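Peer 1: Residues per chain, in single letters:
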Amino acid sequence: MSTRQFGERVQRREDPRLLTGNGRYLDDLGLGALTAAFVRSPHAHARIVDIDIDDAWEVDGVEAIYTWEDLTGRVAEPLPVLIPHPALTHPRTGYCLAKDEVNHVGEAIVMVIARDRYLAEDAAQRIRVTYDSLPVVVGVESARAAQTLVHDDAPGNIAAHLLQEVGDVTAAMAAAPNTLTLDLEIERSACMPMEGKGVFARWDADEQSLRIYSSTQTSTGVRAAVAAKLGMPLAKVECIAPDVGGGFGVKIMHPWPEEVLVPWAARLLGRDVKWTEDRREHFISSSHERGQLQQVTVGFDDEGHLLALDVQFWHDNGAYTPYGIIVPIITATQLLGPYKPGAYRVEFWSLFTNTVLVTPYRGAGRPQGCYAMERTMDAVAAHLGLDRAEVRSRNFIQPEEMPYDHGLMFQDGRPLKYDSGDFPASLAKLKALVGWDDFAAYREEAAAEGRRVGLGIGCYVEGTGVGPYEGGHVHVETSGRVNVATGLTTQGQGHQTVLAQIVADELGVRIEDVHVTTGDTRRMAYAVGTFASRGAVMSGNAVALAAKAVRAKALRIAADALEVSADDLQIEDGVISVKGAPGTSIALSTVAVLSNPLRYAFDESSKAATQFAGTFDPDKPPVADDEEPGLEGQDFYSPTQATFANGMHAAIVETDPVTAEIRILRYCVIHDCGVMINPMIVEGQVHGGVAQGVGGALYERMAYDESGQLLNASFMDFLMPYASEVPHVETDHLETPSPLNPLGLKGAGEAGTIPVTAVIASAIEHAEGFPVRSMPISPSELWELRRKHAESPVPVPAQEGSR
Amino acid sequence: MSEQTTDTPPEQLLSISLRVNGVTRTASAPARRLLSDFLRHDLGLTGTHVGCEHGVCGACTVLVDGQPMRACLMFAVSAQRHEVTTIEGIGNDPEKLSPVQQAFTECHALQCGFCTPGFVTTITAYLEDNPDPTPEEAREAISGNLCRCTGYQNIVSAVCRAAEIRRDRADRTEIDQSVDLGTTDGEGEGSA
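These protein sequences, in sequence, are chains B and F. Using the working numbering, the first residue of the first sequence is number 1, and each one after it goes up by one. Using the working numbering, the first residue of the second sequence is number 804, and each one after it goes up by one.
Hints in this document: simulated from the structure, not taken from any laboratory. Please read these numbers as outputs of a predicted model, since none were measured by experiment.
Incomplete in silico selection of chain F near chain B, CB under 7 Å: (1) Gln904; (2) Gln914; (3) Phe917; (4) Gln956.
Every residue, glycine too, gets a C-beta built ideally from N, C-alpha and C.
Only chain F is shown next, with the shape it has when bound in the complex:
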């Protein structure tokens, strides 16, 4: 090892602002900083995981304006002024799980948990558009994410179970609201 002085100039830093989980966050980073690294290392949101850095495994999937995107295939600057939702935005409180998170624990759909945030974000977005999938459709929906632990079977079950929980919670919200309004009509649609 030889000590020398460095003569290349430091990288130019850009001020990058995103709305992350409903909050505007700003940090300085070079233009080449991946969104995944920016979220993890510049914003400290370590729930987004990096499994391959070439867009295949899906562990780093976040929602950009509601759409699942591979955070390792985006530069942080490209997400400027966009709305980003990470796993922390889906549900960060272990006592208050989202429907998909709740379904994952009920169905034992995670083991090591490393790929899990990418599945949860993907499935959350999927159920917005497909609230009542068949098991076959559920399997198709998760076929862009890799998991090395579970064999996917319980994740497929969790997609279907999450759809049920969403409907149950929607029903309950409706009931609560109708109770608040002093009516007795508590029927919601599609109760499981």
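Looking at chain B on its own, in the form it has when it is part of the complex:
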């Protein structure tokens, strides 16, 4: 019996290649290609008066210089609004190269193409742009005040305004015995993949076709967008995502201006053209996320049951809205976490500022929502003097209430309906893992030593695996090699391994024989992309369905060849045999030969499929009416709705009584992403997610000054955590299978990040004894809070542990 791969800690198939310098990332391709560099706006808001490019032409090696005026056809039109929404009443997008006006520092104005990047940058430096500066809007408060406008025709700086209400919040709030209002703030951060964006285009003049390589999370999306912009038939454009050095959301936004401009220039020049984003460009022209101001009013009874929840928030969407209002919609809906809120009203304003645009970053609006909800839970517990875990538990949706419909519309335009989850069990595991009930004693011991420690908690639910669909294609070669293709892309999630695990089991072959390709439109033209923790759910189920189809076909052919019933056959390690009679067998590779009736033998094994081999029934056509040649199959997985993963985190932090330095002593995670294909990879996703969450909670922010300059646009100044800042993460899992898909999967990619800011705020609040309402928090900010609260204390009672 062959070993089942599904559920095992299988080492990654992609590792040996990536570990030995054999990866092929975007900038590793196209040796000798012409290189693009950009002149980007140094102003946050300005009119472009004049662009003088004459000096730039003096540089040896310059091949082309383009401004907006040089752009042709639809390339000169604004970039698309990818996800329109009725509430997005004032969508605005930029141009590939700025036309007349710039709306954030870093907006591209001129593209220079030269023999190499050094020369392209030399030339870019010689280009003189004259600006008339305009008043600048930075930060949510300034946008909301709307003293000045980012776009003249977007009154109040409002791109979108959306209100959803379930129940009668006004009445429920009025009737609630207790109410509290919290004003909350959360800062911007960004994905910051180690590899920035990049695009390489190759124009084939003979075929009049275009091949694009992009460091993207959606190659089908880039392909369609570029074909539309360049006015080319889709059949003449292909797009491949090579090895991608991290994405975390920023590479799902598309087309980036460069993804249109570089192929456009390649076609125009008839030359290979490449652009590789540098780190400063990434900071000032690739998207950010997170920035919101929130106001939560909560009504609750004396036991801490929520009766009414009224949330308003103001979301900073930056200068443009190409990705619609996905992020604030997710905040508005996923804020509810594992809880029943009573009556619920949520209203948001998505606001323009003269800063880099905001599109999903791992967690995608959920960290903000979780932060609002969990800060509220802690405030309710503090108000009533109750255990914080107990208050949460009293508001949980119970397992027997699943599926649970919140009555809201989710980010995919479908109902927010949780499919499964066992929140009480998750909480019990978390309390056991972190030692919740023993913490009071630990805290006393620490206090006796003059140390200040706090315990924080955060719970979340994450809608994962949203549609519309993904596809799988499985092809068995006559060598026995199994090729698997799915269209979504990979940025380190281990798809080449987990999808191979699934196919190996479904088909009955050795995992070593399975080779997975992702993100290549030549191999799978229909796909959506990698985002919303959807890779495993969508492509996992799609390749499983495709493998089932191939298995059924293989058994039909083998049954004919062996003259037995297909029901009596099994496939193990690539050999089809009669159950109970292993001597009667045929190799899957041979079945692949037989599946494709041949006129010509191209090698020894193919002889068996030729017309005089005597293996076929002369009364039947070589390919039956309802069959196709080849041992291959394709299928698509398209779910009715998202699956809902969940998790609960707890952290113990220590704050220095003198310096206010914050240290995470322990970090515990209970994670439920349904059935795990590869626990090693799931844990890796959780570790990485928590690390990004820690960055967002304690270190990372986008320091814009009032003129819209990003002051910390380098790794020297933007404090991305090193190993010295990230705690060891203790994990435990619950596996509540999703009833929505055959494999029982839920997504895992974003989970680790979501509650971290909430958990750290909770723990610091617990350590310090005063509310924490603004995150991230630095030692100096904590020190400042201490000073304020020493003047006018607002105590938060600490009630955890057995009493």
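Knowing the structure of chain B, use the given hints to seat chain F on it.
Peer 2: Relative to the frame of chain B, chain F by itself:
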């Protein structure tokens, strides 16, 4: 776009020779060419990655005369006649992984793999001087390199695991050698 002739003279090119992964390599490049770009674009050794170009992330770390150096903070000319080891020199054959490379795959210490070459070179050099680190020391050792995917936990494990594999392989080599010499004394030091 306006077509004009160029009048600035082309950059002066220098012939730069380095020993890279044990082989002398020569290419022409201007004086300002960074070592990272020279390795990647002039010598075609694309395993060295560029993550920030200001010496913070460590993705471009190579060994210069055995010492970890940020290739983005060196000019190629400064490496003239020095011995440079890139990830390809640590191990370029996916079938024959070095101890650190082997440990990385066993411990799932990489995800997207972009920062990985810089970690592997750094750790390889570190273990030469510190063959038996504690997890705390391992964490300290990798605290100059950025990774956005893994949260570092499995990289810390991989440092410790790589130390074990090094010792195991050293033991095995010793055993092989003693077998060759016809002796039966196969004990090595520090077997895991």
